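> Please build the complex by placing chain B on the supplied structure of chain A, with the hints as guidance.
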Amino acid sequence: MTEIWQGFVEAVKLIISFDPEVMEIAGRSLMISGTACLLASLICLPLGSFIHFHNFRGKRALTNVIQTLFSVPTVIVGLFVFVLFSQAGLFGASGILFTPVVMVIGQMILISPVMLGLTISALSGVNKELVDTATSLGASGRQIAVAVIREARFAIVAALIMGFGRAISEVGCALMVGGNIRGVTRVMTTAISLETSKGELVLSIALGIILLSLALIISIALNRIQQR
Amino acid sequence: MSLIEVVGLSHSYGDQKILKNISFSVDRGEVLALIGPTGAGKTTLLRLIDLLEVPGSGKIYFKGKSIPESGKQRLELRRWMAFVLQKPQVFNLTVYDNIACGLRWRGEEKARVAEKVDHILGMVDLKGYEARNARTLSGGEAQRVALARALVIEPEVLLLDEPTANLDPVSTERIEQLISRIIKRRDTTIIMATHDMSQGQCFADKIGVMLDGRMVQIGDAKRVFTLPQDKEIANFVGMENVIEGRVIANTEGIVMVDVGNNVIQTVADFPVGEEVYVGIRPEDIVLALSKSESSARNSFRGTVIGVTALGPVSRVSIDCGFQLAVLVTRVSVEELSLQNSKEVYASFKATTVHLIKKEAD
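So the sequence lines, in the order shown, correspond to chains A and B. Counting in my numbering, the first sequence runs from 226 upward without gaps. Counting in my numbering, the second sequence runs from 1124 upward without gaps.
Excised from the complex, chain A in its bound form (with noise of 0.2 angstroms):
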């Protein structure tokens, strides 16, 4: 108990301090759960909105299909991109296995589903008579897509923030695609699991304390916004 209560105050210290490595790994995982949520943003919010706008067949069976992916493991991911990026694989001659921008892929498959879902059924939960109001204001049909986004702002701003914080606090597919290697694929996740099976908790509880503090951070926007 005692080595563990020393670890903590020495992951402080290293935190206060701002050691170099703990703050590397922390700002990669930043940038790089960040950019797949970046990316994955600007491909599901546009997806999201023509699923919900437009009507045609199989519909309901693909937000069915959406919402059963919102689980999938986080190593299927990471196996799925492995395959794909592998020297065998279909973009093996990519060269990209074991360096961020994979990493990002993975990442960005791994929390579409959860955006698209979420973003689906932000909009679907704007009131019908709304829309019926926009219409008969004489708005287009594109003036009333806006509206309809603008109505799902805080809705859709939590949607992002949740495939945020599934990004950055998975650990298979980072390690599968990534590597963990140190310096340019280690990222917080990775990093506690090395650590802590080397027996070295102080590196692995300062990280620890880091990621905790992100998903307090989260989940107080989260509320904040789902509050207006």
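Hint data in this document are derived by calculation from the structure and do not stem from the laboratory. Computed from a prediction, not measured in an experiment: that's the story for all the values here. Note that beta-carbon positions come from the ideal geometry of N, C-alpha and C, so glycine has one too. Check the hints yourself; a few may be wrong.
As the list claims (entries may be wrong) - For lysine-lysine, the following DSS-like pairs were computed, each having C-alpha atoms within a straight-line distance of at most 30 angstroms:
| # | chain 1 | residue 1 | chain 2 | residue 2 |
| --- | --- | --- | --- | --- |
| 1 | B | 1140 | B | 1188 |
| 2 | B | 1472 | B | 1143 |
| 3 | B | 1345 | B | 1481 |
| 4 | B | 1354 | B | 1307 |
| 5 | B | 1354 | B | 1481 |
| 6 | A | 353 | B | 1210 |
| 7 | B | 1239 | A | 353 |
| 8 | B | 1345 | B | 1480 |
| 9 | B | 1195 | B | 1210 |
| 10 | B | 1345 | B | 1307 |
| 11 | B | 1239 | B | 1210 |
| 12 | A | 353 | B | 1140 |
| 13 | A | 353 | B | 1182 |
| 14 | A | 353 | B | 1233 |
| 15 | A | 353 | B | 1143 |
| 16 | B | 1182 | B | 1140 |
| 17 | B | 1345 | B | 1195 |
| 18 | B | 1186 | B | 1140 |
| 19 | A | 284 | B | 1186 |
| 20 | B | 1186 | B | 1250 |
| 21 | B | 1307 | B | 1188 |
| 22 | B | 1481 | B | 1143 |
| 23 | B | 1143 | A | 284 |
| 24 | B | 1210 | B | 1140 |
| 25 | A | 353 | A | 284 |
| 26 | B | 1143 | B | 1182 |
| 27 | B | 1195 | A | 353 |
To be verified - If you want the ones that stay clear, here's a sample from chain B, every Cβ over 10 angstroms from chain A, calculated:
| # | residue |
| --- | --- |
| 28 | 1126 |
| 29 | 1344 |
| 30 | 1430 |
Unchecked claim - Covered stretches of chain B (in silico footprint by chain A; criterion: 3 or more residues with CB under 8 angstroms from a CB of chain A, positions within the stretch not fixed):
| # | stretch |
| --- | --- |
| 31 | 1202-1212 |
| 32 | 1266-1279 |
| 33 | 1396-1406 |
For chain B alone, kept in the frame of chain A given last:
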């Protein structure tokens, strides 16, 4: 040419027929009130006129032209109308942005939008509310925003769906004053759905009574209230006294109707032997403690069997061999000491009695 003409309009939701063969027309600047109980189809009719839905069958003509097929032309047509929904719907934006949205969607210049919104804010008494989020407003204020948002686009046709339903009396009065101001300008054609008889009577040039998806009577507002075509309409337009009877004499237009133990006189043209309903509005009956010497041809002695206070007036039920409901002022109730078992005389003029032919069941 009528501004709007509806011909044989029917509409269903699934198996449920909401509108059944509705036809009517509205002229430019006219105010038409659609009155009817909840579920009569008033809202659906307004939605079809506003092109929010495509009718199952029948036609709607605007300025003599039928509704275009193309989305762009439908949008253009919709843009000269404005629809205020029953439940005030506001966007999660400021009051200013809510009111400005219709103008922005029409591509109006920023300065012009500001000028028009400012003017309309004054009209609906919401100056100083510009920056408030519309979602934080009370029901009455939100309805004023909804009305302002509709008026600011200066529509040729204003569709109002129960604009004062769910509002408190003070808010209702403010909205009614606003509607009254718009009507006075006479440049906007208004179709208003309401179940409030007094609103219909107060604002409309023409009243359409809707019951169970049918337009059962349409015409001059005063006429619909005083001369309903059948018993159902009579009940709905507040003609509370509808008594079954049979015509027993017709002398130079004065018709005698046997209503059981009594005879009611009226001015009408019905043949002897005709089975009829006698309709008398409760506000047309006068109560007195002795037989009055007035010109009223009908005067019946009866007993008070109930007094119900309705704010400034009271409804007094009287048994004169047949039952009568009478509206009297609260002061009269006190002066005549009206209470159960009190004997009174109920009088009404022959000209206020309306006869309705009894249809064979």
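> So which hints don't hold here, by number, going up?
2, 4, 17, 19, 20, 23, 33
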